[in-house]
Amino acid sequence: MLDKYIVTLRGESFTLYRDQIEFDAPNYFSDLFLGDFSESQTRTVELSRSPELFRAIVDYMSGYSILPLTAAVVPSTMTPDIAHKNLLHDAGFYGLQGLVKLLSSAPTPPRFSAACDAFLLGQQAVNFEDVLRGKLPSGVTFDERGVGTMVGEKWLAAPIIALNALLVVDYVYRPGSPSLVFGLISPSSQPFLARTFANSLPLPRLFFIDSLNQDALPCSVSGPAHIIVRGVEASGREFTLRMAALRASPQRGETHPIDVHLREIFSQETRYIFVGEKIIFSITGGTAENPRRVSVVAAELTSRHSAARNFL
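So in the working numbering, spot 48 of the sequence shown is number 148, and the numbers just go up one at a time.
Source of the hints: derived by calculation from the structure; they are not laboratory data. Be aware that one or more of the hints could be misleading.
Unchecked claim - Simulated crosslink set (SDA-like; lysine to any residue; CA at most 20 Å straight-line):
| # | residue 1 | residue 2 |
| --- | --- | --- |
| 1 | LYS104 | ASP119 |
| 2 | LYS235 | THR249 |
| 3 | LYS201 | ASP190 |
| 4 | LYS201 | HIS189 |
| 5 | LYS254 | PRO237 |
| 6 | LYS104 | ARG155 |
| 7 | LYS235 | SER176 |
| 8 | LYS378 | THR402 |
| 9 | LYS378 | LEU312 |
| 10 | LYS201 | PRO168 |
| 11 | LYS104 | THR115 |
| 12 | LYS185 | LEU109 |
| 13 | LYS254 | ALA172 |
| 14 | LYS378 | GLN224 |
| 15 | LYS201 | THR249 |
With the sequences and hints as input, model every part of the structure.
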């Protein structure tokens, strides 16, 4: 009979076997269960570490490859980059020096791949202009589920990429609930917007920019989205909350590194207008029960002034 040991993390139990414990020894578990501690008799231990990340550690201790991290491993409260860093912390806590070395030397996954994994998107990318023109790559469909591909028997939303598009944010006053509204504008695609919106996408929202009314694709920014503004990273939730807070009280103190850039952009434009060097989003739904939804999952943003300076 194999030697078995029970590790309980935040109420969730895992079974480890002796060969797993000895895989990257000496480590926390080999010292605890195979040494002179009382746990060598009880063969149980309770810890407060993440059970989601521990699943990857169990696979590693079984001799399996675990990199790059898949969406199933990344906790819903973390981005892939943060999950990688936290897994490195846990590897150090458990004394798994081989895993520490592996995670420390592993290249950071491209943000595109990380966004796809975190949001369960297919890996076949689609250009925004191709969606607007109705010229989708082979294997990509646009139906009542949204824009996506079949991976085996599972439908996955396709990542849609907009380059050098505008992400415009307005502040809408609703009784008791003022809120931000987002619009995505791709200037090169303006001639195609009306036809595409009428057939497949949510009704356009008009934004008055530079003395012109421009059609924009209504969208939202997902809470766990990976947003970068002039090199400063934030989650989608932080990005949205900071914009709303600074819009409501422009003179308030800075509480997040992104605040200085948001305040500068707002002062230049008297609103929030971003140039998206790259914006990755998904289009899902399309029925009465599941309305069409456009969600930004990752974006690298700058101001129009910075974009103009970089061009010169």
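Hint check results:
1. The suggested pairing of LYS104 with ASP119 holds, with an alpha-carbon distance near 10 Å, which does not exceed 20 Å.
2. Proximity of LYS235 to THR249 is assessed by CA-CA distance (about 15 Å); at most 20 Å being required, the pair is judged to hold.
3. Restraint check for LYS201 and ASP190: the C-alpha separation of about 13 Å stays at or below 20 Å, so the hint holds.
4. At roughly 12 Å between alpha-carbon atoms, LYS201 and HIS189 fall within 20 Å of each other, so this suggested pair holds.
5. Proposed proximity of LYS254 and PRO237 is supported: the alpha carbons are some 18 Å apart, at most 20 Å.
6. Simply put, LYS104 and ARG155 have alpha-carbon atoms about 17 Å apart, close enough for the 20 Å limit, and the pair holds.
7. With a C-alpha separation of about 33 Å, the suggested pair LYS235 and SER176 falls outside the 20 Å cut-off, and the hint is violated.
8. For a cut-off of 20 Å, the pair hint linking LYS378 to THR402 stands: about 10 Å separates their Cα positions.
9. In summary, the hint linking LYS378 to LEU312 is not supported, as the alpha carbons are separated by about 24 Å, beyond the 20 Å threshold.
10. With a C-alpha separation of about 15 Å, the suggested pairing of LYS201 with PRO168 holds against the 20 Å cut-off.
11. A threshold of 20 Å between alpha carbons decides the hint, and for LYS104 with THR115 the separation of about 6 Å falls inside it, so the pair holds.
12. Restraint check for LYS185 and LEU109: the C-alpha separation of about 19 Å stays at or below 20 Å, so the hint holds.
13. A threshold of 20 Å between alpha carbons decides the hint, and for LYS254 with ALA172 the separation of about 15 Å falls inside it, so the pair holds.
14. With a C-alpha separation of about 16 Å, the suggested pairing of LYS378 with GLN224 holds against the 20 Å cut-off.
15. A C-alpha spacing of about 36 Å is found between LYS201 and THR249, which places the hinted pair above 20 Å, so the restraint is violated.
The structure fails hints 7, 9 and 15 (numbered hints given earlier, in ascending order).
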